[in-house]
Amino acid sequence: MNRADDAGDDVRDLAPAYALDALDEFDRARFERALAASPELQAEVAAFREVASGLGDAVEPVSPPASLKASLFDRLDSAPQERRADAAAPVEAIDSAPAEPAPVAPVSDAPVAPATSEAPEAAQASEVQAAPVADLAARRRRRRLAIAWSSAAAAVLLIAGAFIGANWFGPNGWAAQREMAALAAASDAQQTTTPVAGGGEVTLVSSVEQGRSAILADGLSELGDEQTYELWYIDEAGASSAGTFDVAGSDEAWRILEGDFAPGVAVGITVEPAGGSPQPTTEPVAVIQT
Amino acid sequence: MLDPVVDVAEQPEEPPRALEDLLVATAAGDREAFGELYDATSARVFGLVRRLLVDAAQAEEVTQDVFLEAWQTAARFDPERGSAIPWLLTLAHRRAVDRVRASQSSRERDLKAGIRDLEVPVDEVAEAAEIAIEHEKVAGALTTLSPAQRECISLAYYGGCTQSEIATRLDVPLGTVKTRLRDGMIRLREALGVTT
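Taken in order, these protein sequences are the chains called A and B. Residue numbering for the first sequence follows this note's numbering, starting at 1 and increasing by one per position. Residue numbering for the second sequence follows this note's numbering, starting at 1 and increasing by one per position.
Pulled out of the complex, with its shape left as it was, chain A reads as follows (with noise of 0.2 Å):
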């Protein structure tokens, strides 16, 4: 309710929460996104972290039983592991904070990754020096690249979907779709699929070239007339509304957010009363980091 005030902090002041991984999801966001720019944050982080690390090096060691060490190292095979990134190279800044854990992915518990590699040829042209890794972030990179090859298809797909019940106007209307098509035909379109809170899932669609994105909600809860889903950007300024969608009657349903895509905002879900609100009122049941 009162985001607004929220809003206004000073991004420095949620480094002791976060280094207790206390902050919401969308301060959080907005965290790992000024963290990321910031050598003097990350140093900030990296002290608050030791002294969360004191709390919990405080608590009363357990012995885990044997057999959790015989089953993690049968996992190690198809576990495959980062290289150091070249120490002559200065690429530190890829990675947002690179004595830090991955940033966690949002809203899941990130499942194993397979150690396939989707799209070898496009992982060589990947800008990351690290090899994958078992996590969220790198599938999102390696759908990103893969999206490049089939952005043409998912575009018809797009349009064949989305032309079934259209009317001329509203935010589903021809003009709406027109945009969609240009934005899955956009040479630099990303796709980024998570799960949502409550099942089904939401993929982001995005070019930065165009400025827009769009999501395509995939097994969502209907929520009555009461209620909707609002999409947000997320930025270090806090949230702002990019509208609302609902999912009646069908389980799938696309929307362009309003506003611009810069690159590197995130986008965020929440369960709003009808009508939407200017700031977002629950926490979200998803969020996309781009």
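By construction, these hints were calculated from the structure, which means they are not laboratory data. There may be inaccurate statements among the hints.
[Said to hold, decoys possible] Distance condition first, Cα-Cα at most 20 Å in a straight line; then the derived EDC-like pairs of lysine to aspartate or glutamate:
1. K69(A) with E61(B)
2. K69(A) with D30(B)
3. K69(A) with D183(B)
4. K69(A) with D55(B)
5. K69(A) with E190(B)
6. K69(A) with D39(B)
7. K137(B) with D57(A)
8. K137(B) with E60(A)
9. K69(A) with E36(B)
10. K137(B) with E80(B)
11. K137(B) with D55(B)
[Unchecked claim] Listed next, the stretches of chain B that the computed footprint assigns to chain A, with coverage defined by at least 3 CB atoms under 8 Å from CB atoms of chain A:
12. 66-77
13. 149-159
14. 179-187
Glycine is no exception: its CB is placed at the ideal position from the N, C-alpha and C atoms.
With the hints as your guide, set chain B onto chain A.
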């Protein structure tokens, strides 16, 4: 007896390798080093994860995931910038918290109401705040906090609560929780002598 023999006999066994060295070797794919690292740290990791998850089976799963992630991302560890234990415990805490929240949201699944899980009774708040602290240094540092700060930090770190969950549970404004966490952590940082 010959001196050299005595020397050898009196000398303790080769000192165990520093955890940082083990982690660096792990990054290069050294499974033996990784095994040593596991032996030296798994009880601490498991202890922390269990503190957050309570359910032993889940705690075991998460602990295994933590070490698997350590194996995969050890290359990100920079011994110049920190020690192995904070690195591992950071990873462990984050994974455990993610699991706490994931199981909460699958339990709720009540999107329509848009409400959060509020079932943990307030008694557990007190328990979280009273966790037995083994480390004298940490225990000492915690005494420099106000009871309200200590409670918030305990709920966050040992309870896996977000700031707004803490606010709801304690029935205090979110801004108050933020301030308590921030000021408390700054005070702890000073008391523990951590420099930025």
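Checked hints:
{"no.": "1", "hint": "K69(A) with E61(B)", "verdict": "11 Å, holds"}
{"no.": "2", "hint": "K69(A) with D30(B)", "verdict": "15 Å, holds"}
{"no.": "3", "hint": "K69(A) with D183(B)", "verdict": "39 Å, violated"}
{"no.": "4", "hint": "K69(A) with D55(B)", "verdict": "19 Å, holds"}
{"no.": "5", "hint": "K69(A) with E190(B)", "verdict": "37 Å, violated"}
{"no.": "6", "hint": "K69(A) with D39(B)", "verdict": "9 Å, holds"}
{"no.": "7", "hint": "K137(B) with D57(A)", "verdict": "11 Å, holds"}
{"no.": "8", "hint": "K137(B) with E60(A)", "verdict": "15 Å, holds"}
{"no.": "9", "hint": "K69(A) with E36(B)", "verdict": "11 Å, holds"}
{"no.": "10", "hint": "K137(B) with E80(B)", "verdict": "24 Å, violated"}
{"no.": "11", "hint": "K137(B) with D55(B)", "verdict": "29 Å, violated"}
{"no.": "12", "hint": "66-77", "verdict": "holds (count 10)"}
{"no.": "13", "hint": "149-159", "verdict": "holds (count 4)"}
{"no.": "14", "hint": "179-187", "verdict": "holds (count 5)"}
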